[in-house]
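Q: So you can see what is in the structure, the chains are spelled out below.
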Amino acid sequence: MDQIVVKPRDVMSEAARTLPARYYTDPALFKAELDGLFGRLWFYAGRSAEIERPGQFVKRELNGYNVVATRNAGGEVRAFHNVCRHRGTQIGSIQCPYHAWTYDLDGQLIGAPHMEEVPHFRKTDYPLLRVHADEWDGHVFLNLAERPAALADQLGPLVAKFRPWRMQDLRLGRRIVYDVNANWKLIIQNYNECLHCPNLHPALNKLSHYLSGENEPLRPTYMGGVMDLRPGIETLSMDGTCPRACLPGLSSEEKRRVYYYCVFPNLMLSLHPDYMLTHALWPIAPDRTINVCEWHFHPSELARPDFDPSDCVDFWDMTNKQDWYVCELSQAGISSPAYIPGPYSNREDLLYAFDRFIVEFHSKG
Amino acid sequence: MDQIVVKPRDVMSEAARTLPARYYTDPALFKAELDGLFGRLWFYAGRSAEIERPGQFVKRELNGYNVVATRNAGGEVRAFHNVCRHRGTQIGSIQCPYHAWTYDLDGQLIGAPHMEEVPHFRKTDYPLLRVHADEWDGHVFLNLAERPAALADQLGPLVAKFRPWRMQDLRLGRRIVYDVNANWKLIIQNYNECLHCPNLHPALNKLSHYLSGENEPLRPTYMGGVMDLRPGIETLSMDGTCPRACLPGLSSEEKRRVYYYCVFPNLMLSLHPDYMLTHALWPIAPDRTINVCEWHFHPSELARPDFDPSDCVDFWDMTNKQDWYVCELSQAGISSPAYIPGPYSNREDLLYAFDRFIVEFHSKG
Amino acid sequence: MDQIVVKPRDVMSEAARTLPARYYTDPALFKAELDGLFGRLWFYAGRSAEIERPGQFVKRELNGYNVVATRNAGGEVRAFHNVCRHRGTQIGSIQCPYHAWTYDLDGQLIGAPHMEEVPHFRKTDYPLLRVHADEWDGHVFLNLAERPAALADQLGPLVAKFRPWRMQDLRLGRRIVYDVNANWKLIIQNYNECLHCPNLHPALNKLSHYLSGENEPLRPTYMGGVMDLRPGIETLSMDGTCPRACLPGLSSEEKRRVYYYCVFPNLMLSLHPDYMLTHALWPIAPDRTINVCEWHFHPSELARPDFDPSDCVDFWDMTNKQDWYVCELSQAGISSPAYIPGPYSNREDLLYAFDRFIVEFHSKG
Chain C
72 MDQIVVKPRD VMSEAARTLP ARYYTDPALF KAELDGLFGR LWFYAGRSAE
122 IERPGQFVKR ELNGYNVVAT RNAGGEVRAF HNVCRHRGTQ IGSIQCPYHA
172 WTYDLDGQLI GAPHMEEVPH FRKTDYPLLR VHADEWDGHV FLNLAERPAA
222 LADQLGPLVA KFRPWRMQDL RLGRRIVYDV NANWKLIIQN YNECLHCPNL
272 HPALNKLSHY LSGENEPLRP TYMGGVMDLR PGIETLSMDG TCPRACLPGL
322 SSEEKRRVYY YCVFPNLMLS LHPDYMLTHA LWPIAPDRTI NVCEWHFHPS
372 ELARPDFDPS DCVDFWDMTN KQDWYVCELS QAGISSPAYI PGPYSNREDL
422 LYAFDRFIVE FHSKG
Chain B
72 MDQIVVKPRD VMSEAARTLP ARYYTDPALF KAELDGLFGR LWFYAGRSAE
122 IERPGQFVKR ELNGYNVVAT RNAGGEVRAF HNVCRHRGTQ IGSIQCPYHA
172 WTYDLDGQLI GAPHMEEVPH FRKTDYPLLR VHADEWDGHV FLNLAERPAA
222 LADQLGPLVA KFRPWRMQDL RLGRRIVYDV NANWKLIIQN YNECLHCPNL
272 HPALNKLSHY LSGENEPLRP TYMGGVMDLR PGIETLSMDG TCPRACLPGL
322 SSEEKRRVYY YCVFPNLMLS LHPDYMLTHA LWPIAPDRTI NVCEWHFHPS
372 ELARPDFDPS DCVDFWDMTN KQDWYVCELS QAGISSPAYI PGPYSNREDL
422 LYAFDRFIVE FHSKG
Chain R
72 MDQIVVKPRD VMSEAARTLP ARYYTDPALF KAELDGLFGR LWFYAGRSAE
122 IERPGQFVKR ELNGYNVVAT RNAGGEVRAF HNVCRHRGTQ IGSIQCPYHA
172 WTYDLDGQLI GAPHMEEVPH FRKTDYPLLR VHADEWDGHV FLNLAERPAA
222 LADQLGPLVA KFRPWRMQDL RLGRRIVYDV NANWKLIIQN YNECLHCPNL
272 HPALNKLSHY LSGENEPLRP TYMGGVMDLR PGIETLSMDG TCPRACLPGL
322 SSEEKRRVYY YCVFPNLMLS LHPDYMLTHA LWPIAPDRTI NVCEWHFHPS
372 ELARPDFDPS DCVDFWDMTN KQDWYVCELS QAGISSPAYI PGPYSNREDL
422 LYAFDRFIVE FHSKG
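Chains as they are written, first to last, in our numbering: chain C, 72 to 436; chain B, 72 to 436; chain R, 72 to 436.
There may be inaccurate statements among the hints.
It does not matter which identical chain is used: a pair holds within one copy or between any two.
As the list claims (entries may be wrong) - Capping the alpha-carbon separation at 35 Å, the derived lysine-lysine pairs in DSBU-like fashion look like this:
| id | residue 1 | residue 2 |
| --- | --- | --- |
| 1 | K78 | K102 |
| 2 | K194 | K392 |
| 3 | K232 | K194 |
| 4 | K130 | K277 |
| 5 | K277 | K194 |
| 6 | K435 | K326 |
| 7 | K102 | K326 |
| 8 | K194 | K78 |
| 9 | K326 | K78 |
| 10 | K102 | K435 |
| 11 | K102 | K130 |
| 12 | K232 | K78 |
| 13 | K130 | K392 |
Hints listed in this document are in silico derivations from the structure and should not be mistaken for laboratory results.
Input sequences plus hints: build the corresponding full structure.
A: Here it is as structure tokens:
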């Protein structure tokens, strides 16, 4: 076996315990998170490439909202609540199928049959209801708050840190949607420690030693760290070889690592030497999360006639399923009336910090 | 195109807005409607022909009640709560399958094995619990109130108005049951305006111009109006021709129109020159309604060896599905926290009147 | 017909009525029963033979708890809450699949990777959480209370009464799991009267006259009685013949009877001359119960190359389904707002006594 230099971690506080069960099971706390975290932070809504041309659109559901994100004639991203201003019907795209009220790409009402017979009616009073929308390096973020902070404030140093990957150039190669019977926070916690890797992910552990790499301290709006590839391993794939070129612009150090960052509340961003993996979390219930996992590649690779991403898709699909398995077991165990919060190891530092963040959020209630 | 004389409608009030979302989504308001509207008004329960002979029976579920309607030896319609007076078992017909308690067609207990050993037991104390039942021209109506007004009071002028169709003579030709993910009121509102027809129902609009016809003012217990068939169109069917004779007894004006009336709370009655269409609404949840749609024909048509109702069944099945599609989109849009009540056009007068009726009902609470 | 000597029953009290509907439909009363009855009494969890060797285990879910029952190296039954003391994950067997925390068969934590780096961590602080476990003559019982009474106190005279059947020697021949849409109490009540047998179970009534046999008075923790086999009938099977030897050790009287006892809260134990039938009730919701039905036989019969239990399996499967049918009709009828508690016959004495037991339990709150 190759030699691994393991940096010791700070000693975990003696008082550190996992969260009480209600944080994972109580519908009221879940609603508070949807309103206060998912409702105030910018949340990841997909890739800019999905709405590349004016009029292209995607729909996203969150916390009872249904939002349409599109691009206007000026090339700006616009998002609207998918609710017709007439009788509330969900509009399919930009014309309501019920009575044909029609809106332009900035949300202005431009057609409303027979409403001209109503003397006091003015189209300008009934635009689609705007939702804040912004982009970061190829990612679309939305924000349901009335007056949100800037997206750049939420991302902070990440913007500069990940610029070398040129994420805006990458394009979707594969999407797998998982339906996980676990609280969204358990999926984030699972993502942010590799102590479970030797036991649960033997294949992953062969590619990257579970004690390698380092975490950043928790930031207010994201957390993450790096894993080192073992000597001779080129990327995270079924056999550790990489049939693709590395992404252009990466340093030699960046080519030997996988960066795993969770941007709160719902993006898990995993940057590999040759591809970008995204997990978008969509919380449905205290014990259920839809997890949209996508593999993104450089266009020059996607254009190759023999392009085949199965080496890394199969690897992560297998690893994902192992993770969802223990996330679901955790949700089940935590839901037992017998559950008592347990102790953390030193290597679960990000989880404990994330727990503090969650507790603080709820205590502000 | 043929020429349509469009009568102008009254101008919609400037204050008119569609109902707040809670009227379509709040379980408490839904329960109040089930108790106070469906529980006090006569509701449509089916056709007299379904219980033509003494002992024939139908079962209907509403608001947790399960009611058996039957015809007694004297030919009168009788309805009973489907609850055995012994240990509460639902009786299949008129004998409980559990301990064989047996009731006659008037609900009197006539057999109760081994209860004769109980000295204080008297069969007369345990009849089936009666539900008020009455008939109108071939339709069976039930009423869950203790002391309901007469069915004739609820129907008012409709009894005389629809006598020419001789509805009691018509018989079932086809039944399709729809499960619609929308509030029952959205289905009634959809039924009572044709402003959406050119956009949503191009086939219907070819048979009857969407601005033709006229509405009656809203009545306390029903609402409706007429649509004119376009010149050359014989009935509402796939191609506008009619392979059946007109119903006997109709005037020349009645043969050129379709009458669409909603008898609150749950019957939508559509009288065509040659057939009767009924929709029975069964509210299941704030966002779900079972809709039993039936096509009824004259017996002389049904008796023809080549009888084939597919021309009008296919037409309405297609139109129904278009309507349920937008009703479900409306329910989804109204359920968004972003929903704001919207403005009505002049041609949505019945909807606005119906909304006032609903608001007034809830305000009496 | 053979002659049956029917002993008269005491006259039912004039005030006796079946329970109000809320006892069968109210989620709060259901939860109180799960907490106070299922949570304090010993409940049947399966057969000792299922965990015959150390390390074999079964899992049982009840009231949100998930319990693992196993046998330790010393041969004693041990049960634990299936919740890892680390981050709450359900353990599959005795090693948690998430971070490989490992426990011995007495629940002691014997392995916790990387926790040795946490100076204040002591394995002895984190054993699996014990659940009380005990055995009766081949049956495993669990108890979720902190300080339960002895199992022997709960069983009382039953221990001596059923010793002749040597239940610990019997082994599983067949299992059928039923999902019944009825309250658990309706299933117990159905089990404890045969007044419904001539009407609902004509086949059973041919084997044992429904007025034969006798009930014991209700005991605090169980109730039951006997049915006599008709002359010429050997056991309860499709044709009343018995292809198996009687169980060794039974008296001539015991060979002519079927003993049906319900041990509260969840075991229905039916002892036949040649086999033992068990129903384990697992309440899921006020209106839903999982019913695990098992047929157990003497090992010498099971070892026969031509062993075929279908004569008695088919008989009881048919009879069970007839019973679940009326139990579900009862649940439906009781759930109607029109339901009024009804009168009992003299032969429903155990049901009325059981009702008093339930009412008294709830009145202690």
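Q: Indicate, hint by hint, whether the structure satisfies it.
A: Right, here's what the structure says about each hint:
no. : hint        : in the structure
1   : K78 - K102  : neither (39 Å within a copy, 51 Å between copies)
2   : K194 - K392 : between (50 Å within a copy, 30 Å between copies)
3   : K232 - K194 : neither (45 Å within a copy, 41 Å between copies)
4   : K130 - K277 : between (39 Å within a copy, 34 Å between copies)
5   : K277 - K194 : between (63 Å within a copy, 29 Å between copies)
6   : K435 - K326 : neither (42 Å within a copy, 69 Å between copies)
7   : K102 - K326 : neither (41 Å within a copy, 57 Å between copies)
8   : K194 - K78  : between (64 Å within a copy, 24 Å between copies)
9   : K326 - K78  : within (21 Å within a copy, 75 Å between copies)
10  : K102 - K435 : both (14 Å within a copy, 32 Å between copies)
11  : K102 - K130 : both (21 Å within a copy, 32 Å between copies)
12  : K232 - K78  : within (23 Å within a copy, 68 Å between copies)
13  : K130 - K392 : both (26 Å within a copy, 23 Å between copies)
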